[in-house]
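A.B. asks: Residue numbers (our numbering), protein chains in the order written: chain A, 60 to 283; chain B, 100 to 332; chain C, 716 to 1036.
I should point out that these hints are in silico values taken from the structure, not numbers from a laboratory.
Careful: at least some of the hints might be erroneous.
Straight-line distance between alpha carbons at most 27 Å, and here's what the computed DSSO-like set of lysine-lysine pairs gives [said to hold, decoys possible]: (1) C:K849 - B:K113; (2) C:K1023 - B:K306; (3) A:K218 - C:K877; (4) A:K218 - C:K910.
Given the structure is predicted, the values throughout are model-derived calculations rather than measurements.
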Amino acid sequence: MSANGITIALKDLRVEFRTMRMIVTMVIFSLMVIMAFRFAFLFYSAEAEPMIIAPILWVTFTFAGMFGLVSSFSKEKDTGSLQGLMLCPSDRFSIYLGKLLSNLVLLLIVDFAALLFFSVFFDFDYGGNIVPIVSLVILGSVAFTIVGTLVAGMSVNLKGRESALTILMLPLIILTVLMPAIIATSKALEGQIEDAWGEIRIIAMFSLVYLALSYLLFEYVLEA
Amino acid sequence: MIEIENVVKEFGRKGVINGIDLRIEKGDYLVILGPNGAGKTTLLKLISTLLRPSEGTIKIDGYDVKEDGVAVRRRIGVLGHVSYLYDELSAFENLRFYAKMYGVTLGLEEIRAILSRVKLAHRMNDLVGTYSRGMKQRLAIARAIIHKPKILLLDEPYTGLDLNGRKILTEMLRGFQKQGITTVMVTHDIERGYEMGNRLAVIIDGKIAADLRKEDMSIEDFKNRYAGLMGAT
Amino acid sequence: MDKRKVLDYVLLTGSLIFILITIFMAIYYVPLVGTDVSIVAQKPNEYTELELRVKGIVDDISGTSEFDLVDIGNSEFELNVEHNENLPSGLSEDDVVIVTGVLVDADALVFESTGIEIADDDTSAGWVAPYAQKIFYLHTPAAWASYLAFGIVFVGSIIYLKNGSNKWDTIALSSAEIGVMFCTLAIVTGPLWAKPEWGVYWRWEDTKLLTTFVMWMIYLGYITLRLGAGGRSVARIAAVFGIIGFMAVPLSFISSRVWQSLHPNPVGQSGGLSSEAGMTLMVGVIAMSFLYFYLLKKRVELEETKHKVEELKDDMEGEIE
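So here's chain A without its partners, still in its complex pose:
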């Protein structure tokens, strides 16, 4: 099951890095979002108002991530190769795992690019907090992708995929990923990552819940 998941993920990434279609779009998209925030907070400085940092970062990750999620299934759905995957003799959950892994790799690349863009445009130095921040970004992205891959698989079967993904996904992640991640990142920025234990636990717990639900339900999500 997981072996096939890895095979699918490697195939996805090979296709992606050969065409660079999504990754370039997502990185440019995250750049645009950070720039939009830069202009929105024109008269603010990240050093002086540290409470704006975590929300800006996570909103950027979220929108860039959702941008990537939409196409993770839709292209294969449209060319029909998704059926090819579904015909392979493995649990449908392995398709989910494969997509989860490839989405996660793409999202993390975009996340790190966004962290860099933020640091450049807001003239901000993460300093000694970079390790806890990066860890939180990884944790939050894993949780985001766990939910996102499930919802992306659902929305690919619907009309108006993009809007469906947004409408279904945002309420699911607001409390379980986005808010705790923003609070935890804010704490990490103050150098108090050890205070964020509660938030980290919430993210981890809900990730497991969603992973279990995906395991149980993904079979029903995909149908040609």
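With the hints as your guide, set chains B and C onto chain A.
C.D. replies: Frame of chain A; chains B and C shown alone:
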């Protein structure tokens, strides 16, 4: 062997398959004919676990499509409307990927051998995106048989093939028939279907309208009777 | 009269009657401010300094309040605070504020302390805005009905996925719509109470409010999903969403218990409600449940009629062809 019992498939509230019973013996070459929208492709998708029946059961060698999807999928090779191939990968990469997914380890030479059966060995390392429609269809055939399935499910396999491609495919299908591989072929081409199959079924409005052995009826009689119903030539 | 109609009348009249009873009870039966603010006065001995423990939503006794002092034995007195506009709110019911003062005259039970007097009025007060508090008998039953409705969505979705029963898909869809209606009612009545009680319509930092709002958003998403109608997989996808979205329901339900929340926490807490209030609430819950089932039944019938009409239309088109 494929046993289909009282199968119903609804999309939303609309019945597409409205109660089909069919028993396809090992080694049969069943050709399913019918007008557009009659449910031919849907039936094939139900057998190949791409869709779940709303009611009824489908068993392949005793494995239920709902319960033992993995075992079913291991036994079937499917050639669908679309090629299931990745344009961004080469023919070799496509086959290696699917072989891995089927749990078959194929070396370079084995893949080359498979590709030469569909006369594509010379283009092995070219991206599939650069292939013509017919070449893609030939590669799709290679993909469908990569794991040596016991049962072949073919959905309009001749579409897009040029004369040469049709000849290759016909030869291959005849070969499989000799090996005792069960084949189900969906088509709206009565002549081709009559030529290839040993059993013919007509589906109209999601129901079996006719199910007969080839030797029971000549092609003229068959056409006279069913061509009008199918709205085909 | 056929059987289905009988059930209709039972549900409809039942809900109407229980709603009326709830309204009457909320107005006439429940004492104006019957919640659990009580002050326990410990009296080491008469004529000495007295320590008062104020249990309730009071966090700063600087205003003038009137108490009802009841001897509950053990040299302890229970004081019920009458409603007073000057009493600030904001503490949860479990907060204990110690107030000390001098008991001046034990026989007359007159107690003097900074700004605190004892009166012989027997009403007690728990709320800054006791009249607004009446909305509670609409608010909580509506919230309860929305939990019930979303629970039915969950159950219906599971059954639909398991055996593809269109009936349960219709039930899930209808229940979601009605649930959103009740949830909207709860979300609207909440602020109507919160404004006079808390001074603000909404507190974003409150977990109960937040989780409930997110729950509302999730089921709005569910409805939006189904409004798009088209596409043969909508029902199946909606069923999956009905299952994963249900997670928000227990989250909203337990949030005021598990996390710190200003939201009052009446259900399932001992001594949280006076018996009158509890009884009225129960009647309200029964009323809303009746109303829920009535609406659900009607909505399901409507949906089924719609499908029948569509089928007939299809048949007719077939015949014309």
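A.B. asks: Hints first: check each against the structure and report whether it holds.
C.D. replies: Now the hints, each set against the structure:
Simply put, K849 of chain C and K113 of chain B have alpha-carbon atoms about 49 Å apart, too far for the 27 Å limit, and the pair is violated. For a cut-off of 27 Å, the pair hint linking K1023 of chain C to K306 of chain B stands: about 22 Å separates their Cα positions. Only pairs whose Cα atoms come within 27 Å are accepted, and K218 of chain A paired with K877 of chain C is accepted, the gap being roughly 24 Å. Under the criterion of a C-alpha separation no larger than 27 Å, the hint pairing K218 of chain A with K910 of chain C is inconsistent with the structure, at around 41 Å.
Against the hints set out earlier in the document, violations occur for numbers 1 and 4.
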